[in-house]
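The whole structure should be built from the sequences, with the hints applied where relevant.
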Amino acid sequence: MSKNSIEKLPTYLAIPPLKKDSMAGKGPFKASIEIQKDLGFPGEKVDNWQQVAINKIAETKSKYRSVQVFLDSCMKCGVCTDKCHYYLGTADPKNMPVARQDLFRSVYRRHFTFAGKYFPKLVGAKDFDENMLDDWYNYFHQCSQCRRCAVFCPIGIDTAEISMAAREVMNAIGVGQKYPNQILGKINKIGNNLGMPEPALRDTLADLEEEIEEETGASVKLPLDIKNSEVLMVTPSADFFAEPHIDGLIGYAKVFHQSGVSWTLSSYASEAANFGMFIGNYDVMRQGALRIRKAALDLNVKRVVVGECGHAWRVAYSFWNTLTGLGNGGSDEYSLKLQNQLDSNYPQPQHMIEFTYDLIQRDKLSFDKSKNDHRVVTFHDSCNVARGSNMGDIENGQFILPREVIKAACNNFSDMHKSTIKSATFCCGGGGGLLTDDLIDLRIKGAKPRMHALKQSEQDNGVNTLAAICAICKSQFSKVLPNYDFDPYMIVSVHQLVSDAIILTKDSET
Amino acid sequence: MSLISIFFTLFFYFSVLIFITGLSYKVVQYWNTPAPLKIPIAPAPLTKSGVFLRLAKEVFLFATLFKSSKWTWLFGWSFHLALVLLFFRHLVYFWPGEIPLILLKTEPLKYAAYPLIFGLIGLLGRRVFVDRVRYISAPSDYLMLLLIILIGASGMLMTFANNHPNMLLVKNFAEGLITFQWSELPKEAIFLAHIFPVFFLIAIFPISKLLHGPGIFFAPTLNQVDDARKKRHISNWAMQKEKNTKIDLEHNQDKGN
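Residue numbers (my numbering), protein chains in the order written: chain A, 1 to 510; chain B, 1 to 257.
Hints are not guaranteed to be accurate.
Said to hold, decoys possible - To be clear about the criterion: a stretch of chain A counts as covered by chain B if any three or more of its residues have a C-beta under 8 Å from a C-beta of chain B, and this derived list gives those stretches:
{"no.": "1", "stretch": "81 to 95"}
{"no.": "2", "stretch": "98 to 109"}
{"no.": "3", "stretch": "138 to 152"}
{"no.": "4", "stretch": "311 to 319"}
{"no.": "5", "stretch": "326 to 335"}
Unchecked claim - Quick list of simulated restraints, FRET-style, between CB atoms:
{"no.": "6", "chain 1": "A", "residue 1": "129", "chain 2": "B", "residue 2": "244", "range": "31 to 39 Å"}
{"no.": "7", "chain 1": "B", "residue 1": "31", "chain 2": "A", "residue 2": "368", "range": "29 to 37 Å"}
{"no.": "8", "chain 1": "B", "residue 1": "213", "chain 2": "A", "residue 2": "122", "range": "55 to 63 Å"}
{"no.": "9", "chain 1": "A", "residue 1": "127", "chain 2": "B", "residue 2": "7", "range": "31 to 39 Å"}
{"no.": "10", "chain 1": "A", "residue 1": "337", "chain 2": "B", "residue 2": "139", "range": "55 to 63 Å"}
{"no.": "11", "chain 1": "B", "residue 1": "244", "chain 2": "A", "residue 2": "369", "range": "49 to 57 Å"}
{"no.": "12", "chain 1": "B", "residue 1": "244", "chain 2": "A", "residue 2": "127", "range": "54 to 62 Å"}
{"no.": "13", "chain 1": "A", "residue 1": "122", "chain 2": "B", "residue 2": "60", "range": "31 to 39 Å"}
{"no.": "14", "chain 1": "B", "residue 1": "163", "chain 2": "A", "residue 2": "62", "range": "45 to 53 Å"}
{"no.": "15", "chain 1": "B", "residue 1": "2", "chain 2": "A", "residue 2": "46", "range": "54 to 62 Å"}
{"no.": "16", "chain 1": "B", "residue 1": "32", "chain 2": "A", "residue 2": "215", "range": "56 to 64 Å"}
{"no.": "17", "chain 1": "A", "residue 1": "24", "chain 2": "B", "residue 2": "213", "range": "32 to 40 Å"}
{"no.": "18", "chain 1": "B", "residue 1": "118", "chain 2": "A", "residue 2": "46", "range": "47 to 55 Å"}
{"no.": "19", "chain 1": "A", "residue 1": "129", "chain 2": "B", "residue 2": "159", "range": "44 to 52 Å"}
Derived by calculation from the structure, the hints in this document are not laboratory data. Here the structure is a predicted model, which is why all the values come from computation and not from measurement. Yeah, the Cβ is synthetic: ideal placement off N, Cα and C, and Gly gets one too.
Structure follows, in structure tokens:
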């Protein structure tokens, strides 16, 4: 990691003037031959890559309406240009959402449209040459697919769809990014992003149980692979080892302990994260989701609950039913097999926040809120939860429920500026497959808008704790907070706040 | 008929032909292309009527644009609204036979030309003077604005500066295009400068960014109901894939084993 000087933040975030090529470069590390082959992609850039890429673009736009419609429709109104955190943080014009899309759109126009074939200069159509491919690789890996631009686009264009399609095309010609593709290999082989095998996981959980008992005197369990449990808990594997994530996991365990609902983790499906989404590959994403389907069937559970992870919740909430039939309302044989087993009285899958919120609503949990009185908490809406999912099946539930859970456990809560939260939330700067050290410069710069809003909250309301429900956000913030003169430990899981304040029933009392 | 009348008559039919076939092709293409995943963007409606309301707010009020940039909204919305009003103002020329009373009362709509020009100049100014918007603009983006400004300006010069062409000729020409009883058009340059860009824009509609018109209705981000957990949403190609690999799925997907 390069030494980055601490940014002095202004009191209001100005839209920077363009600084052309300020983020030009080679992009993140490329995936090795083995990594690529593991996922069924060509190991190295294929010889006739241009033709293969054009064919892949044709295939992708014929399978995804979003891609076809978005490539055609942009009227270049430019209102998205100041909405991307990477543009605000880097001032590189190619980080403006429309300019990023235009890397793809100019190629589409050149090869697929009348105007682009015969009047390329007039409509800004460009050949897919080596330079263009370099730009694709560099700038489509400076997009965290956070979809903030899509919230502001008057015709609903979602740059994330284009960025996913671009990565899919690049993988198809053998140009893949090391970080997500290596991780996807691990989840396919071992079951989680870390490559943590079952015995290691079992040890970790046993240690945690001891730790909790020592600290609280309650025998809170973290069960693994227990058949016929009520709930299968699927959580990002970062929850098993990383700080501050692990304190969130302890929080889930305490909530389950108090709820009396039997639950289990699975060693086979020990990962909620699904980087298949980041690389825009339906099959890879489905493969990850199928592990969870299989675990739910094998363990014969009634409910599936997902831990604190942003993109995982988007995949679970929005895509699992499609990919695996894990949901409700399926009528085909395949999805019925699972849906008949699951309890239709509950949404499937359910978020841990929904689970905890429901218990709070029914007065099943007691809190000593004073335990969190040293904190003034603010909540960072993680982009995939905020813009690509729901909670509680009520309008804007994904914004309401986490805040209600925090407020149930804490006395001091204060939101950041309204233009930076809820559907307009700023990405942490590390989502979408960019949470890797080779992109640290981008990550620090991309965090700037969020850090700015946080700085304002610190000054105005004395905020000293940043709560989030996303494993990537938590890791990213731990790393970049010091660059903006914040305490790296101010980032916590929402369920850590729950964990610190929840009053546990000891065995002797039951 | 004079050569110039024949040219414009043919140009009109040529443009309309491209418009209809091209637009049908695009709409059918959008319709037939599956949206394999649920990707509604927040704030996402949970019901069908919610989606309907959302699209109506976008199409009639440009609600998101208002949220995103007040100036662009002011310019864009006034320009589009003026276009619609002026369209109705022009129907009277093309209406074959007896003209319905309502169309005879559209004269005041001519003042929509002012917000039209206001909006267009605003959009052009934004494109020229805001460095970010300048960066993303291709020559065609300027050209389209200039063409519509030309249409508006020539129309205003005819209407408000007493440069009226022979209105009987205009009526006969326009109505003749609809009834296939072609007749001479007025040959004043200002009139030709008014209709040429109109016909041209009609022709390029299905092959240009003007496709944002139909496009907005097909954006899955805007037209999907946020109910993925309650209803299984699956595309044909994904269903096919599921069927083809069904036996595999019930067994271990684990490549490492």
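The hints, checked one at a time:
1. 81 to 95: holds (count 4)
2. 98 to 109: holds (count 3)
3. 138 to 152: Coverage by chain B holds here, the residue count being 4 at a Cβ distance below 8 Å.
4. 311 to 319: With 3 residues in contact (Cβ-Cβ under 8 Å with chain B), the coverage given for the stretch 311 to 319 of chain A holds.
5. 326 to 335: Per the Cβ count (8), the hint holds.
6. 129/A / 244/B: 31 to 39 Å: 37 Å, holds
7. 31/B / 368/A: 29 to 37 Å: 58 Å, violated
8. 213/B / 122/A: 55 to 63 Å: 21 Å, violated
9. 127/A / 7/B: 31 to 39 Å: 36 Å, holds
10. 337/A / 139/B: 55 to 63 Å: 57 Å, holds
11. 244/B / 369/A: 49 to 57 Å: 55 Å, holds
12. 244/B / 127/A: 54 to 62 Å: Hint violated: Cβ distance 37 Å, outside 54 to 62 Å.
13. 122/A / 60/B: 31 to 39 Å: 32 Å, holds
14. 163/B / 62/A: 45 to 53 Å: 51 Å, holds
15. 2/B / 46/A: 54 to 62 Å: Holds, at about 59 Å.
16. 32/B / 215/A: 56 to 64 Å: 60 Å, holds
17. 24/A / 213/B: 32 to 40 Å: 36 Å, holds
18. 118/B / 46/A: 47 to 55 Å: 53 Å, holds
19. 129/A / 159/B: 44 to 52 Å: 50 Å, holds
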